[in-house]
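For the record, the sequence lines run as chains S and Y. Counting the first sequence from 1 gives a position; our numbering is that position plus 3. Counting the second sequence from 1 gives a position; our numbering is that position plus 32.
The hints are simulated quantities; they were obtained by calculation from the structure and are not laboratory data. For clarity, every value in this text was computed on a predicted model and none was experimentally measured. One should not assume that every hint holds.
[Claimed, not checked] Covered stretches of chain S, going by a simulated chain Y footprint (3 or more residues, C-beta under 8 Å):
1. 53-64
2. 118-126
3. 132-145
[To be verified] Below, a sample of chain Y positions facing chain S; criterion: calculated Cβ distance under 7 Å:
4. Y330
5. A334
6. A336
7. H446
8. T448
9. A460
Glycine residues also receive a C-beta, built at the ideal position from the N, C-alpha and C atoms.
What follows is each chain in one-letter form.
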Amino acid sequence: MLASTRGAAARHVSFERERGVQRVAVSPNVTHLTVTVPSPDTRDADIGRVFTAVGEAGIPIFLIQLHTLAVSFAVERQDEERAVEAVRRAGFACAHRPDLAILQVFASGMRELKGVLVEIADALQEAGAGIYGMGDSHDQVQCLIDSAAADAAVERLKARFGLEDEVA
Amino acid sequence: MPRILVQKFGGTSVDTPEHRQRAVQKVIAAKQAGYDPVVVVSAIGRMGAPYATDTLKSVLREIDPTVTPHPREMDVMMACGEIISTAVMAVTLQAAGFPSIALSGGQAGIITDSNYGNARILEVHPESVLRAIERGEVPVVCGFQGVTTVRDENQHGAITTLGRGGSDTTASALGAALGAEAVEIYTDVDGVKTADPDMVPNARTLDLCTYDELAEITHLGAKVVHPRAAEIAMDYGIALWVKSTFSDRPGTQIVAEAAAPEEVRRRVTGVAHTGRIVHIRLHIPNEAHKQMVEQEVYRLMARAGVSIFLVTFSPHEMAFAVDRADYHVARDLLDGMVVPVATDPSRRPASHFYIFKFAEGLDLAYAAQRPLLAPVESFIDVIDVPGEVTENCTMVSLVAGRHRSVPGIMARVHSTLRGAGVPILQVADSDMSVSCLVPETEAPRAVRALHDAFELGREV
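Construct the complete structure from the given sequences, taking the supplied hints into account.
So, in structure tokens, the structure goes:
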């Protein structure tokens, strides 16, 4: 702190955050569901029925993706059985992949960073972690990956982004 | 101790004598309320105006279209816009009877790295600003610019610009350095809106908004305050306001999540849209090789500086979106691209060649490349990767901080858009938002429908 003559003080500190990736975290216990819809003619209505079914069952869904004849999303492990049941009761075939984790890569100004995705994808491939879903917000990219590969993925990501000293 | 208030005025707040008078009234009001205002200004006007940043850039670019101006000289040129604006604003204040002093970014102590065009503020040494306040003057500081540190021997005191949102960032950084009571960002709308008022006439101004909500809204297309400015305000606990130069409404206060009431934290904040997107789908027939082929696509796009988003993972398909401005680069790179895949690299370097093919008329490189692969087809599988392109898309997003703990949000979004007859080409979500890719022509309808469905026009 530097004092001025009238008592005002100027703070000499670092201001803007470092750009680039700053932190990596993992949230386990996630299941990925892929719900097949039967026909392109009824696809949109069917996908709406799937969303309604899980919504009415009181289950939050995330990392949602639309496919040609399917919709996929993630649920918390604790909601897995109820979600599968709700979807099947609505009349749809459903495959589910348990034991997944959400990998979160935090960065400042994500949209303005070029090449983060390729670094993440490379690191996950090196770690043998398949990606089942992805989402991004202003400060993070989230990837749905195998829980078994999560530790290796974090290690690889930290090495790539120079975060070896960071504690997860 | 002086009660410092940083007031930042954007380009449209200082572009005419009448608008500058409105800005001066805000400064006078701050003084009358007992504050010592510190004014930060952007360049006068927006694109096309004589001193606007884009106009100044074009002066250098037009000298010789074959020569790309060095970023250092470009920064010197771009900084002129704010210098002119600062002098004009300082003299306008003097004419109104208020002693004031114009300060460049460097004179105000804004020290940056030497990343020209997108410099990062490292330190702020605002003694000259404080001295001006002590003399009873209103400091008028150039936004968007700084100088490199004098300790950097190679870039001693060079003028830099801060990139997108630079003037907002200057205001926040000065506010933090001066221990300001608040930073007010003045613009031509009276705060953070629940939607673009051009699309939704009953869009409401939020009284309160968290830093994360603001950052997410901006990330998804709304042009309010740059997230860099919000980050600094958040990190240093500075009260941040978004207000209109042209009204006396209170505006929107930006607060930390911990300071926001529960009903704010649980709500749907607004509907944002970001336009001019192209959606690309690539069919990769062999699931076992898909990840390797995808990696090459990511790498190619990254090397070309093309940002991709809305990435979708299916067993036989990869899909992603690019800004329309990047589409031709992306398509030219992908058309005819060959990705070699080795199932057993110890035996031979490649067992499969994947070659990218778009629809007829968009496949010029493919048409030329494909016959060249014929001689290797006896020992390497050559596999087409058909690509489908949907041009003219827009991403419409519902910003909702805790939607992942609320069941049924996606069902409501989906049924609302279907009910409005808006096709949904893809969806994506993060912990802060749910986004839908829709045809660009449907964007206004989609934004209005979601705004109505989530009752965002209703007073709370």
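Quick rundown of the hints versus the structure:
Residues of the region 53-64 of chain S with a Cβ under 8 Å from some Cβ of chain Y number 10, which satisfies the need for three, so the listed coverage holds. Look at the region 118-126 of chain S against chain Y: 5 of its residues bring a Cβ nearer than 8 Å to a Cβ of that chain, three or more, so the hint holds. Taking a C-beta to C-beta cut-off of 8 Å, the region 132-145 of chain S contributes 12 residues in contact with chain Y, enough for the three needed, and the coverage statement holds. For Y330(Y), the suggested interface contact is upheld, since its CB lies about 4 Å from the closest CB of chain S, less than 7 Å.
Look at A334(Y): its Cβ gets to within about 4 Å of chain S, closer than 7 Å, so that hint holds up. Taking 7 Å as the C-beta cut-off, the interface hint given for A336(Y) is violated, the closest approach to chain S being about 9 Å. Annotation: H446(Y) was flagged as interfacial toward chain S, and the flag holds, the nearest CB pair being 5 Å apart, inside 7 Å. Among the interface hints, the one on T448(Y) is violated; its C-beta lies about 10 Å from the nearest C-beta in chain S, farther than the 7 Å criterion.
Interface hint at A460(Y): satisfied, since its Cβ lies 6 Å from the closest Cβ of chain S, which is below the 7 Å cut-off.
Going through the hint list in order, the structure does not satisfy hints 6, 8.
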